[in-house]
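The task is simple: from the sequences and hints, build the whole structure.
The chain contents come next:
2 protein chains.
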Amino acid sequence: MLNKSIMDGDNPDLTEERMKGAFDTDKMAAVIYGSEKFAIRRREITESISRIPQLADSKPFSFMTREEKISESCRKLSVLSEHWNQLIDTNNEEEALHLYREVLGLEGHAFSLHETMFIPSLVAQANDEQQEKWLGRAKRREIIGCYAQTEMGHGTNLRALETTATYYPSTQEFILHTPTETALKWWPGALGKSSNYAVVVADLVIRDTHYGAHPFMVQLRDEKTHNPLPGITVGDIGPKMAFNGADNGFLGFNQYKLPRDHMLMRHSRVEENGTYTKPPHAKIGYSSMVKVRSRMAMDQGLFMVSALVIAVRYSAVRRQGFLDDKSREVKVLDYQTQQHRLFPSIARAYAFIFCGFETIQLYDQLLIDVKNGDTSGMSDLHALTSGLKSVVTHQTGEGIEQARMACGGHGYSMASYISEIYGVAIGGCTYEGENMVMLLQLARYLVKSVELVKTGKSKELGPMMNYLAEPDTQIDLTSGPEAYVKVFQHAARRQVWKATDKFHQLMESGQSRDIAWNNSAVELTRASRLHTRLYIMETFIRRVSSISDVSIKKVLIDLVNVHVNYEVLDIGTYALEHVSSTQLDSIRSQLYSSLDTLRPNAVSLIDSFQISDMQLRSVLGRRDGHVYTNLFEWAKASPLNQTHVLPSVNQYLKPMMDKAKL
Amino acid sequence: MLNKSIMDGDNPDLTEERMKGAFDTDKMAAVIYGSEKFAIRRREITESISRIPQLADSKPFSFMTREEKISESCRKLSVLSEHWNQLIDTNNEEEALHLYREVLGLEGHAFSLHETMFIPSLVAQANDEQQEKWLGRAKRREIIGCYAQTEMGHGTNLRALETTATYYPSTQEFILHTPTETALKWWPGALGKSSNYAVVVADLVIRDTHYGAHPFMVQLRDEKTHNPLPGITVGDIGPKMAFNGADNGFLGFNQYKLPRDHMLMRHSRVEENGTYTKPPHAKIGYSSMVKVRSRMAMDQGLFMVSALVIAVRYSAVRRQGFLDDKSREVKVLDYQTQQHRLFPSIARAYAFIFCGFETIQLYDQLLIDVKNGDTSGMSDLHALTSGLKSVVTHQTGEGIEQARMACGGHGYSMASYISEIYGVAIGGCTYEGENMVMLLQLARYLVKSVELVKTGKSKELGPMMNYLAEPDTQIDLTSGPEAYVKVFQHAARRQVWKATDKFHQLMESGQSRDIAWNNSAVELTRASRLHTRLYIMETFIRRVSSISDVSIKKVLIDLVNVHVNYEVLDIGTYALEHVSSTQLDSIRSQLYSSLDTLRPNAVSLIDSFQISDMQLRSVLGRRDGHVYTNLFEWAKASPLNQTHVLPSVNQYLKPMMDKAKL
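As they're listed, the protein sequences go chains A and B. For the first sequence, UniProt numbering begins at 1 and goes up steadily by one. For the second sequence, UniProt numbering begins at 1 and goes up steadily by one.
FYI, nobody ran anything at the bench for these hints, they're computed from the structure. Careful: at least some of the hints might be erroneous.
Just so you know, same-sequence chains aren't split out, so a pair can sit in one copy or run between any two.
To be verified - Simulated crosslink set (DSS-like; lysine-lysine; CA at most 25 Å straight-line):
#1 257 - 224
#2 448 - 498
#3 278 - 59
#4 659 - 133
#5 654 - 139
#6 278 - 257
#7 498 - 553
#8 224 - 661
#9 636 - 37
#10 502 - 326
#11 498 - 661
#12 654 - 502
Shown next, in the form of structure tokens:
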């Protein structure tokens with residue numbers, strides 16, 4: 001059987017779908033996860049985990065309080081620590097991420113920043129001596145670290161950070177200090193209760209000169225007692241939309257002393273006498289942020305996929321209403337409206353993941369280049385990942401919510417678990433740089449590119465910017481996906497130029513640079529979005545073209561068709577020079593046929609991601625499709641049903657009703 | 001001072017905004033809430049509530065478990081029961097709703113279905129005798145009731161409900177029965193733990209003939225012990241995306257006996273001998289659903305406003321980045337991107353509320369007409385509210401999420417409370433008829449309307465449908481909002497006709513009615529949305545035109561301008577016969593100036609809703625603007641900070657770190 005998820009005893013409605021799949025889901029998994037080898041490793045790891053019963057949730061996660069969620073994650077981490085080496089190759093980051101996700105889900109845990117920000121910050125920003133001192137301890141998990149940058153009153157604007165690290169040559173110490181309430185570090189993951197160390201970003205001050213944001217390695221809690229050290233105020237910031245299994249924290253310093261060599265000094269330095277050496281590239285301190293952003297397309301793609309696994313499987317099991325056969329209700333997946341809700345998101349998820357591969361590779365390359373002293377790729381990647389992060393998080397949020405709504409009422413229950421996935425994913429619109437700010441950072445790069453073209457320096461354009469210098473040509477819309485790329489190129493070029501022109505005109509009319517920029521800002525964000533969506537489409541098509549397996553390629557081309565039709569319809573108003581009202585109508589018709597074409601492969605396309613039931617935590621998305629019985633079992637097990645009559649009914653409602661009867 | 005929210009000691013950033021407001025917020029409240037009298041009553045009620053300290057939250061709601069939330073609501077209901085008559089005119093539904101919302105918030109409570117579905121069902125569907133028996137008891141709250149229709153396996157398709165009510169003339173009883181797991185009633189609010197009675201919708205069966213869904217009054221729990229009665233399985237369905245203060249429930253019957261006179265018999269009847277009389281109108285049983293839907297534009301408008309109150313106030317207090325003045329960061333409300341995120345939603349919220357007034361009045365009129373035997377308005381209102389519900393819930397969800405993201409990181413904290421508002425509001429996309437299904441119900445009505453025009457029966461068109469028969473004419477886009485209405489009329493007309501034509505052509509090509517309908521479904525939903533958005537825009541403009549107060553009218557016209565520009569840009573691709581690429585560019589420029597114009601009145605526009613801090617439950621949205629200090633206080637009070645070292649750290653993390661050191 002081509003679909004490897006089929007098992008005896010499954011809901012026949014789901015097996016029927018899986019039998020229709022025209023390609024081998026293991027082969028697709030190899031495409032999705034970059035190699036057959038890693039796809040196999042993923043399955044092996046999942047299989048090994050399933051043989052360790054203590055790694056399973058001790059009860060449904062949605063029934064737990066925050067304290068219970070945190071405790072459950074800590075318990076699992078402690079079990080994991082016994083099995084680490086037998087489960088994964090600990091030097092392989094992708095294997096580690098897969099393991100974390102399978103065992104701990106998406107909600108965060110004590111080590112979530114340790115792996116993704118703390119260690120990478122040490123790797124990128126600590127010098128060799130410092131790495132010698134801390135990196136091994138961190139990797140062995142003798143200490144737990146996080147990354148503390150954002151403050152209560154200050155987010156994306158790093159220049160405004162208030163926390164100071166003032167250097168005193170006399171004692172060769174920094175004094176870390178939180179001068180106001182708004183200067184409290186606020187939000188860092190795992191800061192509140194778990195971490196005993198942090199990389200803290202503070203404004204470096206030497207002899208009254210402010211050198212701006214720099215990273216410092218700071219011990220927060222006693223290694224024996226775990227109590228906060230004197231001079232340190234630390235705690236949890238309270239419940240959030242999601243990630244409630246994580247202890248995002250606050251942190252304040254009261255004249256906290258730090259030895260000189262605790263400033264991370266790979267790129268900038270402070271000598272004993274207070275002499276300051278600046279980093280070779282202004283943005284080099286951002287590298288751990290760029291790393292996280294370069295992963296976001298992949299991560300968000302997988303969030304979207306999780307929601308789609310649930311929604312597509314459930315849509316093959318849920319029956320409602322009638323089409324031709326009046327003897328039995330139809331699968332809701334047969335409705336065009338349902339396909340239109342779900343399939344374009346499947347296409348986007350694949351596209352995001354393919355983009356994610358590319359940006360992760362670009363980051364790895366950048367890290368090598370920077371080590372070799374070449375920082376020239378920094379601005380490119382910073383711009384690309386800023387835009388990508390914004391577009392991908394926004395579209396993922398939309399897609400997940402549509403997936404949830406496609407599950408009707410039960411989508412709203414925590415039994416679907418989609419709302420938790422949504423909460424986690426949509427956080428990405430805000431963390432690691434708020435989306436509007438990120439779009440405007442890309443816009444800065446786009447405006448500069450146009451200025452290069454205008455001044456005859458097109459040759460200096462960064463990668464992916466050449467289309468901005470190309471002339472507008474005729475497009476034959478019947479020539480396939482490439483024509484749609486051209487439409488997108490036109491739309492992006494037109495908007496990038498238009499926004500740049502507006503910005504320039506406002507300056508010429510006398511507005512200051514900042515005011516003119518602000519008055520062009522919405523147009524600039526539109527330009528950034530179009531540019532990024534063009535990149536996503538091109539990457540998707542390029543990747544699919546490179547595939548050799550015939551049956552895999554065929555279904556991916558179907559997916560590309562859904563994507564390009566959907567995307568072009570969505571941005572139609574920006575490309576009216578090339579698409580008329582009638583053409584838009586005909587693209588809509590093509591979209592509906594492409595949904596039809598995709599229908600038989602829908603379940604196999606999401607099964608191919610091989611996301612385990614353990615990770616999904618969803619009653620609706622179960623691999624076996626036995627939704628209803630398990631929904632009832634889940635509800636019966638929930639805390640409120642442990643007694644027939646709630647204490648509050650006896651205490652308040654019954655006396656009230658009794659009194660009313662008098 | 002024109003803005004009545006100003007008080008001594010407020011955050012000066014907020015006071016500065018309020019001083020800029022060019023209109024009297026009390027006067028605007030009178031416009032928003034329909035009359036000066038009711039606007040005053042609202043304030044009086046809020047004021048009276050504030051003098052009863054037991055009605056305040058005993059701790060921040062977000063820190064509570066589900067059990068605590070439910071208990072807290074029950075406690076408050078019991079306090080309320082002592083004060084009912086002194087707080088409100090109990091015959092005034094709007095006063096009661098205001099009271100509930102102020103005291104209990106949005107998260108649901110034991111009486112939420114009692115007031116909105118249970119009593120209205122008795123009013124609309126019980127005959128005089130039955131009302132005599134139950135209505136008084138319900139109104140005095142001797143009993144708590146809910147409305148149980150949806151089943152685990154069956155939502156919007158009422159014909160598929162599996163729960164049976166079989167009549168036996170021999171005993172003059174119905175037997176209520178749940179034949180399968182999927183037939184369990186699932187989702188009804190307040191069913192799980194609070195209610196002891198329910199109006200249950202079941203398939204009426206007499207001598208093997210199925211008469212479809214009918215309402216029955218059923219006792220669920222013993223009035224003395226509150227234990228479920230024999231033959232009844234009832235419980236809570238578990239945690240949800242939001243509304244976790246409500247006990248949505250499941251309900252099963254095992255051959256449960258019910259006397260004949262417990263079927264609600266105002267419209268259909270079953271005689272002692274089993275003779276059945278059908279209702280005068282097929283949809284008459286839906287009237288309580290239509291009632292809820294007719295309220296939804298108002299309710300959702302208020303949800304959106306709550307989020308906007310928070311986001312707009314916070315945006316006036318939060319400072320980030322620099323414009324011209326480099327000495328102090330600017331209010332984020334000064335950014336064009338922020339205005340573009342928030343102001344169109346303010347306009348929509350006003351528009352929704354004005355539409356809500358109209359549909360509530362239409363429902364009240366319908367109820368009178370139906371009592372007098374005239375059911376002719378039923379289909380119209382059903383179609384209108386179906387479309388309106390879908391569009392309004394979708395756009396409200398979008399608006400609330402944008403408001404949340406406009407608050408940056410802190411928007412994601414439960415301290416903002418916006419994610420709870422979102423969860424509550426977005427439920428509206430699914431409850432009371434899933435949005436896609438609702439859009440298709442309106443589409444049915446639209447297609448019928450086109451068929452009337454095609455067959456020369458334009459005179460029979462329902463209200464608001466005449467534009468479908470009108471010819472396309474030249475539009476002068478410079479002539480103000482009315483021109484935009486014409487653009488919208490064109491777009492809606494074009495799409496309604498196009499979708500209808502597609503549907504007809506597919507049938508002519510040999511597809512069955514149901515298949516052709518499904519293959520046109522996405523186009524049909526687009527038609528319904530455009531039609532509904534036209535209605536919203538027309539209602540908004542009509543209402544604003546009718547206002548006489550000059551300063552109020554002026555700012556509302558500014559709001560209309562934001563609205564029409566934003567809306568037309570959004571649907572541009574459907575009206576390309578009337579708006580060119582260049583014109584769309586110029587509408588965008590107009591939109592940006594209209595945002596600018598609105599800027600000084602933004603805070604006053606949301607203050608005018610006079611939503612209390614108690615109801616908002618938001619640290620970010622506080623009237624006084626003192627966000628940061630209270631955010632820190634809130635966090636410090638949260639459960640995880642009651643100890644420095646969590647038990648789970650001692651139990652799991654510390655031993656793990658210690659072991660790693662060996």
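Results for each hint:
Taking the shortest Cα distances, residue 257 and residue 224 sit within 25 Å of each other inside one copy (20 Å), while across copies they are farther apart (67 Å). In the homo-oligomer, the alpha carbons of residue 448 and residue 498 lie at most 25 Å apart inside one protomer (13 Å), although the nearest pairing across protomers, at 44 Å, exceeds that limit. In the homo-oligomer, the alpha carbons of residue 278 and residue 59 never lie at most 25 Å apart, since the shortest distance is 52 Å inside one protomer and 49 Å across protomers. For the identical chains of this complex, residue 659 and residue 133 are inter-copy neighbours only, at 19 Å across copies versus 72 Å inside a copy, given an alpha-carbon limit of 25 Å.
Proximity of residue 654 and residue 139 under a CA criterion of 25 Å is satisfied inter-copy only: 16 Å between copies versus 58 Å inside one chain copy. Proximity of residue 278 to residue 257 under the C-alpha cut-off of 25 Å is restricted to the intra-copy arrangement: shortest distance 23 Å within a copy versus 84 Å between copies. Neither within a single protomer nor between protomers do residue 498 and residue 553 lie at most 25 Å apart by alpha-carbon distance, with minima of 38 Å and 35 Å respectively. Proximity of residue 224 to residue 661 under the C-alpha cut-off of 25 Å is restricted to the inter-copy arrangement: shortest distance 12 Å between copies versus 62 Å within a copy.
Taking the shortest Cα distances, residue 636 and residue 37 never come within 25 Å of each other, neither inside one copy (42 Å) nor across copies (48 Å). Taking the shortest alpha-carbon separations for residue 502 and residue 326, only the inter-copy value of 24 Å comes in at or below 25 Å, while the best intra-copy value is 59 Å. Proximity of residue 498 and residue 661 under a CA criterion of 25 Å is satisfied in neither setting, with 72 Å inside one chain copy and 60 Å between copies. In this assembly of identical chains, the alpha carbons of residue 654 and residue 502 never lie at most 25 Å apart, being 67 Å within a copy and 58 Å across copies at closest.
Violation of the numbered hints given earlier is confined to hints 3, 7, 9, 11 and 12; the remaining hints are satisfied by the structure.
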